[in-house]
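Engineer: Listed below, chain by chain, are the residues.
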Amino acid sequence: MDNLFNRKYTVQGLFLIVCLILVGKLFYMQIVSDKYFLLSNSNVLRKIYTFPARGVIFDRKGRVLVQNEPVYDLMVIPNQVKEFDTLDLCNTIGIDTAGFRKRFHKAVVQSRYQPSTFEKQLSVQTYAALQEKLSNFPGFLVQGRTVRHYPDSVAGQFFGYVKEVSPKDIEDSEGYYRPGDYIGKSGVEKQYNDILRGERGVKNMLYDARNVPQGSYQEGKFDTLARSGEKVVSSLDMEIQKLGEQLMQNKVGSIVAIEPATGEVLAFVSSPGYDPNRMVGRQQGNNYMDIFGQANRPFLVRPISGYYSPGSSFKPLDALIGLQEGVITPDMTFNCPGGYWAGNHFVRCEHVDGTISLRRGLARSCNTYACYVFQKLMTQTRFKNQKLAYDEWESKVRKFGIGQKLDIDMPYERKGILFTSDEYTKRFGKYWRYTTVISLAIGQGEMSATPLQMANIMAIIANKGYYIKPHLIKSIGDKKIIKKDYVQKNYVDIDAAHFEPVIDGMQDAVNSPWGTANASRIPNVLMCGKTGTVQNPHGKNHSVFIGFAPRDNPKIAIAVVVENAGYGGAYAAPIASYLTEKYLTGNISGGRMAQVEWMKKQSVLPEVPKPKIKLAPKTTDSVAKEAAPTAADPKKNTAANHLKSGETTK
Amino acid sequence: MSNTQSNRFFFNVDWITVLIYMALCTIGFVNIYASIYNPEKSDLFNFGSNYGKQLIYIILGLILGLSILLLDAKFFSVFSPIVYGLTLLLLLAVLVIGRKVAGNQAWIAIGSFRLQPSELAKFGTALLLSRYVATFNPKFKDFKSIMFAGLIVGLPLLFIMLQPDTGSALVFLSFMFPLYREGLSGYFLVIFLGLIVLFIAHFLLPLYITIPAIILVGCFFIYQNKRKQKMMFSITIATILAICYLFMVKLIYNKVLEPHQRTRIEIMLGLKTDPKGAGYNVNQSMIAIGSGQALGRGFLLGTQTKYGYVPAQSTDFIFSTIGEEWGFAGCTVVIGLYVFLLLRVINLAERQRSTFSRVYGYCVASIIFFHVFINIGMTIGIIPVIGIPLPFISYGGSSLWSFTVLLFIFLKLDSNRMGFI
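Protein sequence lines, in the order shown, are assigned to chains F and G. For the first sequence, UniProt numbering gives the first residue as 1, with consecutive numbering after it. For the second sequence, UniProt numbering gives the first residue as 1, with consecutive numbering after it.
If you're looking for bench data, these hints aren't it; they were derived computationally from the structure. The reader is advised that the hints may include incorrect statements.
Unchecked claim - Distance condition first, Cα-Cα at most 20 Å in a straight line; then the derived SDA-like pairs of lysine to any residue:
#	chain 1	residue 1	chain 2	residue 2
1	F	K8	G	R353
2	F	K25	G	L295
3	F	K415	F	Q404
4	F	K185	F	I195
5	G	K139	F	Y9
6	F	K82	F	S135
7	F	K8	G	Q352
8	F	K106	F	G139
9	F	K203	F	D223
10	G	K139	F	L4
11	F	K600	F	S153
12	F	K396	F	P501
13	F	K231	F	K484
14	F	K120	F	T146
15	F	K35	G	G377
16	F	K25	G	V333
17	F	K35	G	L295
18	F	K106	F	R178
19	F	K8	G	M176
20	F	K8	G	P138
21	F	K25	G	G377
22	F	K8	G	K139
23	F	K376	F	F346
To be verified - Computed spacing ranges between beta-carbons, pair by pair:
#	chain 1	residue 1	chain 2	residue 2	range
24	G	F220	F	N3	28 to 34 Å
25	F	G24	G	I211	30 to 36 Å
26	G	A201	F	T10	20 to 26 Å
27	G	F188	F	N79	49 to 55 Å
Just so it is clear, CB atoms sit at the ideal spot from N, CA and C, and this is done for glycine as well.
With these hints in hand, go ahead and build the complete structure from the sequences.
Structural biologist: As structure tokens, then:
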């Protein structure tokens with residue numbers, strides 16, 4: 001053994017240390033860290049999603065309102081694309097070569113190995129043409145899905161529309177949504193999105209390094225099938241909805257009809273509307289911009305976000321509150337000399353009736369009568385001052401739903417306007433009196449209601465004292481689930497007995513020769529109603545009619561607003577009468593059919609508004625702004641304006 | 001006495017080493033099978049497939065090894081210059097008529113048979129180096145003997161560099177260990193280590209940190225040896241040389257190394273992450289090994305292996321299959337087998353009477369060690385990607401046979417340890 005023998009240990013030690021380093025690193029990779037394990041799963045596991053069909057929507061009689069239509073998304077996996085006839089593909093799906101390059105580049109940027117959408121929502125016809133050639137286009141595949149289809153093209157704003165989720169939707173959904181999912185963006189589709197959307201199906205597939213599928217993970221233990229959305233029965237009656245939309249052609253306004261006993265909305269017309277089928281498919285974006293740019297804002301859902309002063313249609317409430325407070329009796333009369341002096345201001349009537357009672361006052365829409373009732377309410381001796389009297393009156397009006405949301409099952413409902421006494425104090429100072437706010441008696445001034453609220457007031461009167469929250473969806477799913485909220489009665493604290501004289505007056509308004517809407521009398525149906533001619537600071541008066549029918553056991557309560565159409569009896573009342581008759585009897589009687597056709601052809605569009613410079617700072621409530629051009633905005637009225645506004649009310 | 005012993009062919013053969021050899025070959029076959037495994041075509045003895053071929057290679061390798069045991073032990077010492085010369089010729093030939101595979105002109109094709117001369121060069125060099133040490137008994141204290149040994153190692157190294165096959169060339173550095181054992185100053189190892197450290201530091205740290213650091217270290221050593229004037233001088237020289245080296249590395253790195261080699265080094269040092277490009281192999285290999293966890297996914301159950309995520313998995317990256325399917329346990333067993341083999345070969349070498357056998361034994365252990373370290377280090381990302389096989393386990397006839405020949409020559413020498421060569 002030489003003296004260099006010990007070097008053996010150096011060499012062996014070095015070998016050992018280096019191998020221990022290797023083992024140490026392996027220990028870290030395989031036992032300490034689970035990073036590589038997770039990475040390996042993301043290497044081989046891919047989730048393949050199948051999209052569910054959204055729930056079908058029926059009308060109240062079981063007719064299909066919204067169904068689904070198959071469409072096909074063309075997908076591409078860039079790294080599997082080989083040379084092929086691009087022109088052929090372009091021609092088949094109807095794009096140009098520049099568009100092809102753009103789309104392909106987008107897909108490459110997204111992922112080379114994963115399928116990305118190349119062209120969305122090919123129609124069945126395009127798909128059929130493409131399917132035959134698909135084998136010529138390596139790397140391209142087709143994914144089926146469904147989109148909405150509306151067989152009758154009605155009730156666009158009611159349904160709202162469905163769109164692919166935006167990055168923000170994905171973020172807000174906390175992991176539920178993925179790119180490519182669809183979501184309801186407005187209307188019922190938005191409100192009932194969770195019920196209608198169904199459940200995505202998922203397949204866990206194993207993929208090899210060349211992105212070739214190698215079968216399912218653990219024999220599909222974690223796979224799920226797509227589950228379609230729940231069926232939904234809407235409260236709409238397709239026939240009167242359709243008729244309502246036809247009658248409202250070339251007019252701006254809305255119709256809301258409610259079944260008083262259930263609160264179900266029978267018709268929900270917002271005009272101008274749009275064909276819901278335009279908000280589906282490849283042209284959705286373009287059509288959206290087109291509709292968005294049209295006059296009179298077709299996307300505005302007027303029944304729940306249009307603001308209108310109720311005008312004379314508020315008068316039944318005057319009478320009801322007066323009766324409940326005991327300041328008037330059905331037989332009490334006032335003298336109408338053709339107007340009413342509120343302090344130094346005169347509220348004019350359209351007529352000189354002399355002695356006038358409740359019944360006749362409503363039928364003739366007497367401003368004087370309404371103002372006297374209001375005066376009596378405000379000057380009750382039981383209140384220390386008129387402010388307290390006003391508070392009592394305001395709380396009673398609020399019970400009828402004015403100034404507060406009715407919680408209808410649709411997004412973007414607005415609550416209307418009803419001032420509190422404090423708000424008046426803020427505006428007029430401490431010393432305001434009933435004469436200052438007298439126009440509230442005739443439904444003008446600081447009062448705005450949505451057509452839905454107006455229809456709901458009619459439902460309350462038809463029910464003699466209560467309402468059920470108006471709603472658009474009757475029942476959900478196969479089990480026909482009805483929400484608890486929608487069977488509960490909401491009382492307005494007016495005794496049932498007080499409704500009779502008011503209803504008498506409303507009956508006369510339609511059915512007596514002196515009634516304001518007697519031209520709209522329906523043969524064999526006793527409709528009760530009230531016209532309103534609403535002063536509009538932006539242009540011609542709005543024509544308003546609210547009513548219900550038949551008088552005994554009412555089946556329908558209705559509110560019609562036609563903007564810029566003048567007297568309530570001219571447009572709103574006849575339209576309401578046609579819908580009511582159609583709903584109650586199934587058709588329009590004899591001679592009135594011609595009137596319906598005539599009405600459909602009438603065009604009452606507001607003048608194209610001149611662009612105006614708005615100096616007011618932008619409010620945070622964007623929906624409020626949207627309504628501004630078409631609806632009265634009482635906030636801007638001065639006191640003088642406020643008083644003047646009552647003058648033209650009939 | 002020596003005659004009778006050498007006549008009995010398998011007398012004194014170290015069967016434990018043979019057993020480890022066979023164990024490693026078997027592990028290799030099993031994992032090559034798993035790497036190539038395709039559930040649709042799973043016949044075990046499909047000789048058209050790579051695992052079928054490997055089975056033939058193993059059997060032929062065993063026959064080759066056993067026939068080496070039949071040769072006379074003196075044969076290797078005597079013919080070592082001829083073997084060395086032959087391998088040099090082959091290395092030259094491969095530069096002229098060689099086939100390019102993956103950028104390296106390393107293969108000679110004879111019919112369907114392909115030969116990699118750089119594999120043969122390893123034991124050719126080992127034989128001649130052992131012969132040189134045994135004949136002249138240099139203690140490597142003088143410049144001349146270091147130069148001569150350097151020439152023996154350097155010639156094939158140069159030819160291999162020209163292919164260019166940096167991986168195989170690197171393995172020739174392993175001859176430092178036998179030279180160290182035979183008297184080469186330990187400073188060479190230290191300097192070598194220092195060069196590597198400086199090389200890495202050059203990438204990770206800017207010059208204004210490395211240069212002051214070198215000077216600081218130099219000052220520390222001068223302070224340590226303040227009594228020895230001579231040492232102070234050489235330390236100063238060494239410090240200056242180290243700084244020069246740093247600049248040289250920069251120059252060589254940017255001018256001499258190929259772009260792909262630069263990327264590999266940068267990825268290994270974590271300067272560049274490119275999981276889709278050059279870093280793909282290592283990244284996938286590390287994912288496969290790491291996903292094996294403690295006990296592995298099980299034979300034929302590795303998803304990364306089965307679905308081909310690791311390129312070159314049956315050859316250079318075979319260790320990733322072991323890592324994924326057999327986990328930390330399997331990896332430790334394999335590394336343990338290598339350690340056992342290495343230590344055993346060193347121990348066997350030390351019991352040799354003849355210097356030739358001892359030096360050769362050290363060569364064998366060092367070559368195997370370098371391969372194991374570089375190959376496994378590469379698959380787990382602590383060494384840049386250098387394409388050299390894992391001894392006895394990686395797929396390939398050339399590699400398996402050259403390691404077999406390498407090892408069995410030593411076994412033959414060892415069985416004849418009592419005799420003189």
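Engineer: Given the hint that K120 (chain F) pairs with T146 (chain F), does the C-alpha gap stay at or below 20 Å?
Structural biologist: 11 Å, holds
Engineer: Given the hint that K376 (chain F) pairs with F346 (chain F), does the C-alpha gap stay at or below 20 Å?
Structural biologist: 17 Å, holds
Engineer: For the pair supplied as a hint, K35 (chain F) and L295 (chain G), is the alpha-carbon distance within the 20 Å limit?
Structural biologist: Status holds; Cα separation ~16 Å.
Engineer: Check the hint pairing K185 (chain F) with I195 (chain F) against an upper bound of 20 Å on the C-alpha distance.
Structural biologist: Given that 20 Å is the threshold and the Cα spacing comes to 14 Å, the pair holds.
Engineer: So if I understand the rule, the pair passes when the alpha-carbon distance is 20 Å or less; does K600 (chain F) with S153 (chain F) pass?
Structural biologist: 17 Å, holds
Engineer: Below or equal to 20 Å on CA atoms is what counts here, so check K8 (chain F) against M176 (chain G).
Structural biologist: With a Cα-Cα distance of about 13 Å, the restraint between K8 (chain F) and M176 (chain G) holds, given a limit of 20 Å.
Engineer: Is the gap between the beta carbons of G24 (chain F) and I211 (chain G) within 30 to 36 Å?
Structural biologist: 32 Å, holds
Engineer: Holds or violated: K415 (chain F) and Q404 (chain F), Cα atoms, limit 20 Å.
Structural biologist: Satisfied, since the Cα-Cα distance of roughly 4 Å is no more than 20 Å.
Engineer: Starting from K25 (chain F), check that the Cα of G377 (chain G) is at most 20 Å away, please.
Structural biologist: 9 Å, holds
Engineer: Take a quick look at whether K396 (chain F) and P501 (chain F) sit within 20 Å of each other, Cα to Cα.
Structural biologist: 19 Å, holds
Engineer: If you check the beta carbons of A201 (chain G) and T10 (chain F), does the distance land in 20 to 26 Å?
Structural biologist: 25 Å, holds
Engineer: Holds or violated: are the alpha carbons of K106 (chain F) and R178 (chain F) at most 20 Å from each other?
Structural biologist: 18 Å, holds
The structure shown violates none of the earlier numbered hints.
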